[in-house]
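S.K.: These are the residues of each chain, in order.
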Amino acid sequence: MSPGAVDPLTGLMNWRALVFVTRGDPLSVNHLVADGAAGLMLVGGAIAAGLMTVKGWWRPLWRDWLTSLDHKRIGVMYVALALVMMARAIAEAVVMRTQQAAAVGSPGFLDAHHFGELFSTHGTIMIFFVAMPFLTGLMNFVMPLQIGARDVSFPLLNAISLALTAAGAALVMVSLVYGGFSTGGWTGYPPFTGIRYSPGTGVDTWIWSVSLSSIGSTLTGLNFAVTLYKNRAPGMTFFRMPLFSWVTLCVSILMIFAMAPLTVATVMLALDRYAGFHFFTADAGGNMMNYANLFWLFGHPEVYILILPAFGVWSEVISTFSAKQLYGYHSLVAATMVISVLSFTVWLHHFFTMGQSANVNAIFGIATMLIGIPTGVKIYDWLLTMVRGRIRLTVPMLFAIVFMITFLIGGLTGVILANPTIDFVFHNSLFLVAHFHNMLIPGFLFAMIAAVQFWFPKVFGFRLDERLGRISFWLWAVGFYLAFMPLYVLGLMGAMRRTMEWQRPEYLPWLAIALVGALCLLAAFMTFVAQIAVSVRRRDALAVPGGDPWDGLSLEWSLPAPVPEYNFAVLPRVGARDPFMAMKREGRAHLRPEAYEDIRLPKNSPAAPIILAATFLTGFALTWHIWWLAIAGLVACWIPITLRSFREDHERVIPASEVRRQHEAWLDRVAALPAIRREDETGPRNRGRASSQFAGGQP
Amino acid sequence: MSDHASAMADREHRHPGLNLDHTDPEGHASAEPVIFGFWIFLMSDLIVFALLFATYAAMSTQGTGDGPAPAQLFDLRIPLLETLVLLTSSFTLGFVSLANKYEGHPRQAIGWLVVTLVLGAGFLALEYHDFSTLIHEKHAGPQVSGFLSSYFLLTGTHFVHVAAGIAWGMVLIVQQAVLGPTLPVKLRVMRLALFWHMLDIVWIGIFTFVYLSGVLA
Ligand code: HEM
Ligand SMILES: [Cu+2]
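Residue numbers (our numbering), protein chains in the order written: chain A, 282 to 980; chain B, 8 to 224.
Source of the hints: derived by calculation from the structure; they are not laboratory data. Hints may be right or wrong, so weigh each one.
Unchecked claim - Okay, the calculated beta carbon distance ranges per label pair:
no.	chain 1	residue 1	chain 2	residue 2	range
1	A	Q637	B	L91	38 to 46 Å
2	A	A913	B	G101	34 to 42 Å
3	B	L94	A	S926	27 to 35 Å
4	A	Y661	B	E110	35 to 43 Å
5	B	H204	A	V324	26 to 34 Å
6	A	G325	B	L94	53 to 61 Å
7	B	A64	A	F301	31 to 39 Å
Unchecked claim - One-sided and incomplete, this derived list gives chain B residues near chain A with beta-carbon spacing under 10 Å:
no.	residue
8	M50
9	A128
10	V185
Unchecked claim - Below are the EDC-like pairs computed for lysine to aspartate or glutamate, each with C-alpha atoms no more than 20 Å apart in a straight line:
no.	chain 1	residue 1	chain 2	residue 2
11	A	K884	A	D949
12	B	K108	B	D52
13	A	K511	B	D28
14	A	K511	B	E33
15	A	K884	A	E929
16	B	K145	B	D73
17	A	K511	B	E39
Ideal Cβ placement from N, Cα and C applies to all residues, glycine included.
Just chain A, same shape as in the assembly (with noise of 0.2 Å):
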């Protein structure tokens, strides 16, 4: 069979779509990359499966985690998701790096479809498959505890919005073996992404996943925003949930009005490229300018779907590691709210030079400027909360530190090209790479690693390697300085973005400093990694089944630490604000519970899975015009839903009498653990009780 020709069992599957076969000269530098990184895939693969098997895994990895509903699974799995993706970007950011250095007066080692491939699979992986995983998974861990709930209000769809983040996931990880991926970046502009410009299935593997991914979040949105609507324990008011909790809501009505465009967007790509349809084409009629906009309508939001959580967990943090309330906790929930609100009115942003007259741009270039000053609410709110604080410089608050600095570092950038005339020069420039890279890396990357290290006693049970963290945190603080802030430079120079060969020499040393930053990034992560491995081995001289290692503020340092899985033995009842902050003050934290009720919990389903594997076909049939298999993918996604709507039996019963035995055991052996004074925290006698210590006045 030719290459290009519809095969009706096989569609335009061929064998020269193996990354193996296509890359030209087998001895060149740009092959080995590629094959290096195929071949990376393949076998840490097949390691993954032989442990799997050797240790006999794969039955308790069904049985406990992927037909699981457990929030608390969930929101691990979404976090390893990210994790692993995470691996191949940051390796890709380095290949980049690595290029343009090299590429100086000489073409580099990379082709140009390669290098074009490259940024896009950043791009689209670090927005869609980390970042989004990233918080997805932390929102669902934290939040339902916070608000003191058993589950979200609907685990099934919980489940299956994961296994569609995931199928998406999966089909970015297959092109790098088979089939390659679109180069026109993790935005997919039109009229370059149609079929005339971009005839291969590249383009089709980014739609596809896209989608997959947009869907998988539009329904988490509905999922977080009724559970924290309806299912917040008694006496929870709004205005007493804590501030992680309060973004989690912003960030799903983002996510249910955002993600739409973005669908929609896609889907009218795929058209044109499918079927002809002329929305986006450069004749009859279609208009390039539909997509910038349905593409920003959703992308300005979610630098806020993406931001907002990171606000959350320093939030806490900072609170925490200074033992004192929020300062301002009225205004942070305020800003909280402008700001999503006011990241519906400025998309524009992203297109000033597009052509609309320059009294439309200056109004979207004030609207831009104004979300500056609610998120300057924020950093003050933050810091008058660590004024006579009892400031303890644990990892997590290191971060939050550098965040602080970083961050608003890169919020002046922003407001700097917020004003069109300015944006007009630096527009798609590498002064707009460092922008974007200085708000994302302080507020999205530092965020999650310090959520990590916040959090991960609660998920399991110990504590992480304080120095390794140290280390890691280190690397990642200078790492991004040396990596991005040349990037300023070269853009001020006149270095655009997307540019795989320079023809000027005195880029060089900046694009070398650059390169140094990102190997530098790349250890931080591997550090990281080992930071957890390392953690993982000593885990019994880290354990801290107490479950308050932190003296923490809100109801999840309450439970045990790991948290069993129905949450919370008996429901709390809240009547203040930081509730376990409260009940540690008046005496009332770790009491017996006067009674026990059974406790109702979902009982695990294989729906996900199968819509996991079904979504995935499907959308890897629809790229290689596999007809049938498409068809038949998106039948089977629904058959498990079908079938399990006629059985009544998807709850099993925990009785009280074990809820009883469980909870009075912990109880017993938290009264038995040390009570931890702050200067301990970090020490090997920090067992998760904290002897309460809290600065400042009443609550």
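Starting from the known structure of chain A, arrange chain B with the ligands on it as the hints suggest.
M.R.: Same frame as chain A, now just chain B with the ligands:
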């Protein structure tokens, strides 16, 4: 659930649309999050339609290319008929909801559900006819211009929604027959009804902004 709790349920658990409060207080309480969640789903779905309308608004005026303009293609007869069929199906679906709420005869709910789906299928047949006339007789398929692409995507998305509603309804007919009006089944029918009514509203938008203003222009 105790009497006290169910009395609370009446007062605290409310949602827009048909409530089960005084006929099934216990079910009413557990209905709340599900129905509320479904309202949110409908809202995000409506955003999809809003964007399709906006695209249509831009494309129908500026995206006709060398192809025909709306006024040259549309007339009101078939769309009016479609409107009447679809609105009637919403009315008949109302009888299903009432039968479930007031524990009517089981066959009542099933019967009205069948009528609703038949009307829905009639609507689809009319629209299919409309599409095929446009494509084959007027040579105005979606590939002709940006305007027609957006027309077919807007109406086509609505078409697919109605078709999905019919498939869902068929499953629910089986469930009403096999399981009877149990709480989960009742809640599903309530959600189908909300979905169906939303599609009515969207259709009224399509009738107004696509056909009526197309003909008037
Ligand atoms: C960890 C260290 C990181 C490094 C070294 C890095 C490096 C790079 C490089 C070299 C580019 C291409 C710049 C160009 O166009 O010339 C890029 C683009 C990009 N990066 Fe990163 N990045 C990192 C982290 C992140 C993170 C955490 C995110 C988001 C959460 C992110 C999102 C993006 C996006 C959206 C693009 C634009 C892709 C496009 O042009 O379509 N990056 N990055
Ligand atoms: Cu923006």
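S.K.: Taking the hints in turn, state whether each one holds.
M.R.: Each hint tested on the structure:
{"no.": "1", "hint": "Q637/A / L91/B: 38 to 46 Å", "verdict": "holds (43 Å)"}
{"no.": "2", "hint": "A913/A / G101/B: 34 to 42 Å", "verdict": "holds (37 Å)"}
{"no.": "3", "hint": "L94/B / S926/A: 27 to 35 Å", "verdict": "holds (28 Å)"}
{"no.": "4", "hint": "Y661/A / E110/B: 35 to 43 Å", "verdict": "violated (60 Å)"}
{"no.": "5", "hint": "H204/B / V324/A: 26 to 34 Å", "verdict": "violated (55 Å)"}
{"no.": "6", "hint": "G325/A / L94/B: 53 to 61 Å", "verdict": "holds (58 Å)"}
{"no.": "7", "hint": "A64/B / F301/A: 31 to 39 Å", "verdict": "violated (49 Å)"}
{"no.": "8", "hint": "M50", "verdict": "holds (7 Å)"}
{"no.": "9", "hint": "A128", "verdict": "violated (19 Å)"}
{"no.": "10", "hint": "V185", "verdict": "holds (7 Å)"}
{"no.": "11", "hint": "K884/A / D949/A", "verdict": "violated (30 Å)"}
{"no.": "12", "hint": "K108/B / D52/B", "verdict": "violated (26 Å)"}
{"no.": "13", "hint": "K511/A / D28/B", "verdict": "holds (17 Å)"}
{"no.": "14", "hint": "K511/A / E33/B", "verdict": "holds (16 Å)"}
{"no.": "15", "hint": "K884/A / E929/A", "verdict": "holds (11 Å)"}
{"no.": "16", "hint": "K145/B / D73/B", "verdict": "holds (14 Å)"}
{"no.": "17", "hint": "K511/A / E39/B", "verdict": "holds (8 Å)"}
This entry does not satisfy hints 4, 5, 7, 9, 11, 12, going by the numbered hints stated previously.
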